[in-house]
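A.B. asks: Sequence:
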Amino acid sequence: MAIVDKSTLLVLGPAAWILLAALLVLAAAVWRLALEGSPAQMLVAGLRALVQLAAVALVIAFLANRGAWAFAFVGLMFVVAVWTSGHRVAPSGRWWMAAVPLAAGVVPVAALMFAAGVLPFNALAIIAVVGQQIGGAMSTVTLGGRRVRDELAVRRGEVEAAVALGFQWPAARLMVGRPVAGEAVLPSIDQTRTAGLVTLPGAFVGMILGGATPLDAGLIQLLVLISLLLVNSTAAAATLWLACRGAWVREPA
Numbered sequence: 001m002a003i004v005d006k007s008t009l010l011v012l013g014p015a016a017w018i019l020l021a022a023l024l025v026l027a028a029a030v031w032r033l034a035l036e037g038s039p040a041q042m043l044v045a046g047l048r049a050l051v052q053l054a055a056v057a058l059v060i061a062f063l064a065n066r067g068a069w070a071f072a073f074v075g076l077m078f079v080v081a082v083w084t085s086g087h088r089v090a091p092s093g094r095w096w097m098a099a100v101p102l103a104a105g106v107v108p109v110a111a112l113m114f115a116a117g118v119l120p121f122n123a124l125a126i127i128a129v130v131g132q133q134i135g136g137a138m139s140t141v142t143l144g145g146r147r148v149r150d151e152l153a154v155r156r157g158e159v160e161a162a163v164a165l166g167f168q169w170p171a172a173r174l175m176v177g178r179p180v181a182g183e184a185v186l187p188s189i190d191q192t193r194t195a196g197l198v199t200l201p202g203a204f205v206g207m208i209l210g211g212a213t214p215l216d217a218g219l220i221q222l223l224v225l226i227s228l229l230l231v232n233s234t235a236a237a238a239t240l241w242l243a244c245r246g247a248w249v250r251e252p253a
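Each residue of the sequence shown is one higher than the one before, starting from 1 at the first, in UniProt numbering.
Rather than coming from a laboratory, the hints here were simulated on the basis of the structure.
Bear in mind the structure is a predicted one, so any value in this text is a computation, not a measurement.
Beta carbons are placed, not taken as given, at the ideal position from N, Cα and C, and that holds for glycine.
Do not rely on the hints blindly, as some may be mistaken.
Computed spacing ranges between beta-carbons, pair by pair [to be verified]: (1) A40 to R94: 23 to 33 Å; (2) A153 to A40: 26 to 36 Å; (3) P187 to A116: 22 to 32 Å.
Based on the provided sequences and hints, a complete structural model is requested.
C.D. replies: See the structure below:
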């Protein structure tokens with residue numbers, strides 16, 4: 001018999017686990033047959049998510065009343081994000097440079113939220129809000145970094161022509177890279193524009209289920225969405241800045 005939990009929107013039970021396995025196998029099949037990807041990559045991602053979410057749930061429960069330790073956990077999240085984005089953008093280069101755009105996007109916004117008193121010194125709040133910001137910045141750095149990198153490679157002739165006309169290398173790369181760098185921020189803009197129309201964001205639904213008023217839940221979700229706009233825009237700008245200065249790659253001697 002399925003377990004009905006009033007605190008969730010879905011019916012949990014054995015059917016949920018069977019469905020999870022079926023969805024993962026189907027995703028791996030489509031990834032392999034239609035997109036020629038490695039099915040192992042998809043399967044490992046799903047299994048890792050299972051293990052990691054279980055571990056994170058236990059850690060968050062332990063940190064519930066330990067605000068200072070939450071920063072250590074957020075620091076771990078940041079390191080993993082740097083590793084992930086960095087190896088996507090510069091797998092054989094200076095992948096650790098991903099820390100610059102990630103920090104540029106997350107740190108100022110989180111500091112503003114703390115300074116305004118909106119983000120309390122509470123472990124669950126810190127992990128939830130700053131964790132979302134790190135995740136958003138990570139996706140932006142990955143998408144923006146790869147997009148700018150590929151554009152500079154394809155249009156290298158235009159960059160060299162601009163340098164021949166007297167432009168410095170960073171300025172020449174900027175003319176090519178700037179129009180595409182902002183594409184990494186478009187998903188955040190669309191998510192914000194369509195909030196409440198296309199999807200109901202997770203924080204909003206969670207607050208409603210937790211007993212918050214619709215107005216309070218909407219304000220909290222709006223704070224998260226708007227903060228992500230600033231985080232992701234800043235991360236994309238910093239990613240472009242690094243790419244224009246050749247910071248991601250090791251220049252030949």
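A.B. asks: Tell me the hint numbers this structure goes against, listed in increasing order.
C.D. replies: none
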